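J.: If you're matching them up, the sequences are chains A and B in order.
Position one of the first sequence corresponds to residue 202 (the numbering used here), numbered consecutively onward.
Position one of the second sequence corresponds to residue 630 (the numbering used here), numbered consecutively onward.
Any given hint could turn out to be false.
DSSO-like mimics (lysine-lysine), calculated; alpha carbons at most 30 Å apart, straight line [said to hold, decoys possible]:
hint: 1; chain 1: A; residue 1: LYS261; chain 2: B; residue 2: LYS672
hint: 2; chain 1: A; residue 1: LYS271; chain 2: A; residue 2: LYS261
hint: 3; chain 1: A; residue 1: LYS271; chain 2: B; residue 2: LYS672
Rather than coming from a laboratory, the hints here were simulated on the basis of the structure.
As the structure is a prediction and not an experimental result, all values here were calculated from the model.
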Amino acid sequence: MTAIADPKAPRPPRARPSRLTTRGNTELYGWVFMRASGVVLLVLIFGHLFVNLWAGDGVKAIDFGFVAGKWADPIWQVWDLLMLWLAMIHGTNGVRTIINDYAERDGTRLVLKSLLYLAFLVTVVLGTLVIFTFNPCPDAAPDLLPSFCTAR
Amino acid sequence: MWSWVAHRVTGVAIFFFLLVHVLDTSLVRVSPESYNDVIGTYKNPIMGLGEAGLVAAIVFHAFNGIRIILVDFWAKGPRYQRTMLWIVVGLFVLTMAGFLPRHLMHVFGGE
Ligand code: HEM
Ligand code: HEM
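Work the whole structure out from these sequences, hints included.
T.: Set out below in structure tokens:
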């Protein structure tokens with residue numbers, strides 16, 4: 202039999218953050234948001250994957266023309282915008298929780314969270330600009346463009 | 630317990646995927662050529678398997694997330710949390726069975 206060194210020995214107390222990182226009801230709102238956004242994201246992401254991976258020719262069919270064809274339709278623009286924002290807030294908040302759980306030194310947490318919020322900002326701004334400034338018919342060889350560009 | 634670890638790991642994995650995903654999609658604003666070039670480098674069997682793994686991660690995280698929500702908000706949720714974990718596993722297998730063959734055909738089946 203393998204011997205376990207005094208199994209009842211108490212664990213040393215874990216280091217705790219030296220102060221609270223949020224106040225008031227912030228954590229509660231975050232908790233509710235994780236659940237509300239989760240339900241919506243399920244629909245948005247499963248729809249995204251169904252159309253882009255399963256329907257038609259699947260991944261093989263994805264190219265500039267495919268994207269332009271989708272974003273010519275405002276429904277897909279709104280769909281992707283909502284998916285971008287909800288997934289990024291949900292994911293950033295989730296990773297924030299994980300940083301709080303594992304990074305015990307104040308300095309480490311500060312660095313990790315700064316990187317996290319920077320990544321959030323860059324990604325959300327970039328993704329939003331891309332959707333709003335997208336031009337489905339730029340100057341390019343016609344065979345790269347969706348068919349409606351040449352139909353004029 | 631393992632479901633909690635898996636929920637964390639899949640959540641973080643999807644998050645990092647999403648950062649890269651928005652970055653490569655933004656190439657549609659550079660030029661059709663650059664977008665097609667980069668997407669073209671993804672069209673190989675290794676990325677095909679990576680996409681299958683990503684979908685598996687999402688499907689698990691999504692169904693298990695619904696289970697977490699039911700445990701928290703449904704009065705009988707805590708009592709049925711184990712049963713619901715099996716339902717999550719069942720739905721996961723069903724969804725992947727519907728997705729994988731078709732996806733692998735797109736990736737590996739010639740023209
Ligand atoms: C391998 C699986 C995936 C493929 C092949 C794929 C493909 C694409 C394509 C072709 C676009 C361009 C626009 C459109 O088709 O709607 C796009 C945009 C987008 N996808 Fe995905 N996607 C995948 C997985 C995901 C997942 C799992 C998420 C969420 C976590 C996601 C979130 C987004 C978002 C937010 C945009 C908009 C980007 C922007 O604003 O610039 N995608 N995706
Ligand atoms: C597909 C629909 C999704 C559903 C139903 C869902 C649901 C959930 C739920 C209920 C939680 C638990 C929150 C808590 O314990 O307070 C959670 C955590 C998390 N989610 Fe999602 N989620 C989804 C999509 C995503 C996406 C797209 C990402 C990444 C961008 C993501 C990343 C995370 C992370 C990092 C956590 C934290 C895990 C932890 O603290 O252990 N989730 N999700």
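J.: So, for every hint listed, does it hold in this structure?
T.: Against the structure, the hints:
Between LYS261 (chain A) and LYS672 (chain B) the CA atoms are separated by roughly 7 Å; this keeps the pair inside 30 Å, and the hint holds. Between the alpha carbons of LYS271 (chain A) and LYS261 (chain A) the distance comes to roughly 16 Å, so the proposed pair stays at or under 30 Å and holds. A threshold of 30 Å between alpha carbons decides the hint, and for LYS271 (chain A) with LYS672 (chain B) the separation of about 20 Å falls inside it, so the pair holds.
In this structure, none of the earlier numbered hints is contradicted; all agree with it.
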